[in-house]
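Number of protein chains: 2
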Amino acid sequence: MQDKGISSAVVGRLPRYLRYLGDLKEKGIERVSSQELSRLMNVTASQIRQDLNNFGGFGQQGYGYNVDYLYKEIGKILGLDREYDFIIIGAGNLGRALGGYLNFERRGFIFRGIFDKNPELFGTEVRGVKISPISELDSFLKKNNIDIAVLTIPKTGALEVIDTLVDNGIKAIWNFAHVDLDVPEGVQVENVHLSDSLMKLSYNISRYADDNKNGDKD
Amino acid sequence: MQDKGISSAVVGRLPRYLRYLGDLKEKGIERVSSQELSRLMNVTASQIRQDLNNFGGFGQQGYGYNVDYLYKEIGKILGLDREYDFIIIGAGNLGRALGGYLNFERRGFIFRGIFDKNPELFGTEVRGVKISPISELDSFLKKNNIDIAVLTIPKTGALEVIDTLVDNGIKAIWNFAHVDLDVPEGVQVENVHLSDSLMKLSYNISRYADDNKNGDKD
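So the sequence lines, in the order shown, correspond to chains G and C.
No gaps in the numbering here: position 147 of the first sequence is 147 in the working numbering, and each next residue is one more.
No gaps in the numbering here: position 105 of the second sequence is 105 in the working numbering, and each next residue is one more.
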């Protein structure tokens with residue numbers, strides 16, 4: 001697999017390809033041209049060909065792409081040909097929502113544990129997994145081989161658990177806490193800062209309102 | 001305010017500036033140099049100066065930036081100098097989590113309604129707001145001036161409510177449903193595709209593992 005030097009923009013687009021290919025698969029469609037995919041996905045056919053060429057290209061002239069094959073290959077590139085064990089730190093609504101998503105399980109992300117500091121939650125379950133005290137995190141990580149920690153706790157809590165996670169060899173952190181994490185090289189971090197996303201909306205709403213007011217578009 | 005032609009990359013960085021400036025404010029710090037901000041935020045001082053120059057620049061030579069002033073100005077640029085009323089469609093764990101966030105309220109995003117199709121939820125509350133039947137969405141929107149709809153429902157449900165939202169003049173959609181929305185120009189959409197974000201993690205985990213295996217970095 002030749003995936004050296006792929007831009008993060010391309011990687012960022014792959015999950016979307018996977019989503020559309022999955023939809024086609026579900027409809028029983030076996031092959032698709034870059035033109036059809038282009039129309040569905042609302043991007044240019046040339047962009048699609050360029051993106052997929054990064055991986056050697058999967059299309060055959062005059063045939064298009066084999067949906068099932070392309071779906072599997074993109075899955076492999078995204079590392080979805082293996083399983084990942086994950087735990088959630090923070091059993092509030094967001095943590096419980098993420099623990100409850102069966103879609104993650106289908107993609108190979110296996111929900112192994114959930115931790116909180118609120119004693120009222122200890123022993124209650126999220127999709128069959130018991131909520132454990134955060135004080136047991138260290139011993140849990142020593143006994144189990146966990147790939148990903150999902151942080152759905154406030155900022156201060158997130159900063160408190162980082163060392164425990166890193167010291168126990170966590171490979172990746174999916175960070176919903178509203179803080180930038182400082183981790184050693186080799187620990188992958190993906191941030192989901194929900195407030196930031198919401199502010200992009202407010203920016204676009206006011207920008208559009210200003211444009212329409214000034215430019216008299218109506 | 002000169003904010004024509006600002007790249008979306010710059011806009012995307014503004015919430016992070018706001019976060020760090022907010023932290024400084026909380027600590028009672030009144031001014032900050034681009035060097036200090038650079039060290040805190042782990043970006044170059046020249047990037048900071050460039051970013052803030054897009055808005056005319058707020059710094060004074062030899063003084064640095066006035067934290068409170070810069071915080072307010074960036075807030076204005078992001079449209080945070082007014083309030084936005086939002087509703088949530090889908091009262092599952094994720095919908096309830098978003099409805100419960102007091103931080104959104106502090107930023108001026110006011111939680112006005114939450115809708116679901118599950119009768120068992122009708123009448124129960126999320127932070128003082130009653131869960132209503134989705135069948136009442138249309139009449140609710142006609143009676144209330146709502147800016148933003150947050151979609152925390154599955155794909156098919158999301159596609160079903162889009163027309164109702166658009167016909168009633170919704171300004172923006174914060175979309176957590178795993179589908180791309182087709183809306184008229186002028187309706188702002190911000191997607192949060194959680195699975196896509198998780199796949200970036202699995203990509204980075206396997207990429208790093210491959211690099212270390214092949215390159216014998218250890």
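Hints are not guaranteed to be accurate.
The list that follows gives simulated cross-link-like pairs (lysine to aspartate or glutamate, DMTMM-like), each with its CA atoms no further than 20 Å apart [said to hold, decoys possible]:
#1 Lys213(C) <-> Glu185(G)
#2 Lys200(C) <-> Glu185(C)
#3 Lys27(C) <-> Asp180(G)
#4 Lys200(C) <-> Asp180(G)
#5 Lys25(G) <-> Glu190(C)
#6 Lys213(C) <-> Glu30(G)
#7 Lys72(G) <-> Glu26(G)
#8 Lys213(G) <-> Glu185(C)
#9 Lys155(C) <-> Asp182(G)
#10 Lys25(C) <-> Asp196(G)
#11 Lys76(G) <-> Asp138(G)
#12 Lys76(G) <-> Glu105(G)
#13 Lys200(C) <-> Glu190(G)
#14 Lys155(C) <-> Glu26(G)
#15 Lys200(G) <-> Glu190(C)
#16 Lys200(C) <-> Asp182(G)
#17 Lys213(G) <-> Asp81(C)
#18 Lys200(G) <-> Asp182(C)
#19 Lys76(C) <-> Asp210(G)
#20 Lys155(C) <-> Asp182(C)
#21 Lys72(G) <-> Glu105(G)
#22 Lys72(C) <-> Glu125(C)
#23 Lys76(G) <-> Glu125(G)
#24 Lys117(C) <-> Asp163(C)
#25 Lys155(G) <-> Glu26(C)
#26 Lys76(C) <-> Asp23(G)
#27 Lys27(G) <-> Asp163(C)
#28 Lys76(G) <-> Asp210(C)
#29 Lys200(G) <-> Asp85(C)
#30 Lys200(C) <-> Asp211(G)
#31 Lys76(C) <-> Asp211(G)
#32 Lys200(C) <-> Glu125(G)
#33 Lys72(C) <-> Asp196(G)
#34 Lys200(G) <-> Asp210(C)
#35 Lys76(G) <-> Asp196(C)
#36 Lys200(G) <-> Glu83(C)
Derived by calculation from the structure, the hints in this document are not laboratory data.
These are the hints, each one checked on the structure:
1. With a C-alpha separation of about 16 Å, the suggested pair Lys213(C) and Glu185(G) falls inside the 20 Å cut-off, and the hint holds.
2. Proposed proximity of Lys200(C) and Glu185(C) is contradicted: the alpha carbons are some 29 Å apart, above 20 Å.
3. The suggested pairing of Lys27(C) with Asp180(G) holds, with an alpha-carbon distance near 18 Å, which does not exceed 20 Å.
4. Distance check on the hinted pair: Lys200(C) and Asp180(G) sit about 17 Å apart at the alpha-carbon level, within 20 Å; holds.
5. Only pairs whose Cα atoms come within 20 Å are accepted, and Lys25(G) paired with Glu190(C) is rejected, the gap being roughly 27 Å.
6. At most 20 Å may separate the alpha-carbon atoms for a hinted pair to count; Lys213(C) and Glu30(G) exceed this at roughly 35 Å.
7. As the CA atoms of Lys72(G) and Glu26(G) are separated by approximately 14 Å, the hinted pair is consistent with the 20 Å bound.
8. With a C-alpha separation of about 16 Å, the suggested pair Lys213(G) and Glu185(C) falls inside the 20 Å cut-off, and the hint holds.
9. In summary, the hint linking Lys155(C) to Asp182(G) is not supported, as the alpha carbons are separated by about 35 Å, beyond the 20 Å threshold.
10. A hinted pair counts as satisfied when its Cα atoms are at most 20 Å apart, and Lys25(C) with Asp196(G) qualifies at roughly 18 Å.
11. Our distance criterion of 20 Å between C-alpha atoms is broken by Lys76(G) and Asp138(G), whose separation comes to about 32 Å.
12. For the hint pairing Lys76(G) with Glu105(G), the CA-to-CA distance comes to about 16 Å; that is within 20 Å, so the pair holds.
13. At most 20 Å may separate the alpha-carbon atoms for a hinted pair to count; Lys200(C) and Glu190(G) meet this at roughly 8 Å.
14. A C-alpha spacing of about 14 Å is found between Lys155(C) and Glu26(G), which places the hinted pair at or below 20 Å, so the restraint holds.
15. With a C-alpha separation of about 8 Å, the suggested pairing of Lys200(G) with Glu190(C) holds against the 20 Å cut-off.
16. With a CA separation close to 19 Å, the supplied pair Lys200(C) and Asp182(G) stays within the 20 Å bound.
17. For the suggested pair Lys213(G) and Asp81(C), the alpha carbons sit about 17 Å apart, so the restraint of at most 20 Å is met.
18. Proximity of Lys200(G) to Asp182(C) is assessed by CA-CA distance (about 19 Å); at most 20 Å being required, the pair is judged to hold.
19. Distance hint between Lys76(C) and Asp210(G) is fulfilled; the C-alpha atoms sit about 13 Å from each other, no more than 20 Å.
20. Distance check on the hinted pair: Lys155(C) and Asp182(C) sit about 13 Å apart at the alpha-carbon level, within 20 Å; holds.
21. This hinted pair checks out: Lys72(G) and Glu105(G) have alpha carbons roughly 17 Å apart, not beyond 20 Å.
22. For the proposed pair Lys72(C) and Glu125(C), the alpha carbon gap of about 34 Å is over 20 Å, so the pair is violated.
23. With a C-alpha separation of about 32 Å, the suggested pairing of Lys76(G) with Glu125(G) is violated against the 20 Å cut-off.
24. This hinted pair checks out: Lys117(C) and Asp163(C) have alpha carbons roughly 17 Å apart, not beyond 20 Å.
25. Taken as a hint, the Lys155(G) and Glu26(C) pair is honoured in the structure, with Cα atoms around 14 Å apart against an allowance of 20 Å.
26. Taken as a hint, the Lys76(C) and Asp23(G) pair is broken in the structure, with Cα atoms around 41 Å apart against an allowance of 20 Å.
27. About 25 Å separates the Cα atoms of Lys27(G) and Asp163(C), which puts this hinted pair outside 20 Å; it is violated.
28. Taking the CA atoms of Lys76(G) and Asp210(C), the gap is near 12 Å; set against the 20 Å cutoff, the hint holds.
29. Proposed proximity of Lys200(G) and Asp85(C) is supported: the alpha carbons are some 15 Å apart, at most 20 Å.
30. Taking the CA atoms of Lys200(C) and Asp211(G), the gap is about 35 Å. The hint is violated against a cut of 20 Å.
31. Distance check on the hinted pair: Lys76(C) and Asp211(G) sit about 16 Å apart at the alpha-carbon level, within 20 Å; holds.
32. A distance of roughly 28 Å separates the Cα atoms of Lys200(C) and Glu125(G); the hinted pair therefore is violated under the 20 Å criterion.
33. A hinted pair counts as satisfied when its Cα atoms are at most 20 Å apart, and Lys72(C) with Asp196(G) qualifies at roughly 16 Å.
34. Annotation: proposed proximity of Lys200(G) to Asp210(C) is violated, straight-line Cα distance about 35 Å (limit 20 Å).
35. Only pairs whose Cα atoms come within 20 Å are accepted, and Lys76(G) paired with Asp196(C) is accepted, the gap being roughly 14 Å.
36. Only pairs whose Cα atoms come within 20 Å are accepted, and Lys200(G) paired with Glu83(C) is accepted, the gap being roughly 14 Å.
When each numbered hint is compared with the structure, violations occur for hints 2, 5, 6, 9, 11, 22, 23, 26, 27, 30, 32, 34.
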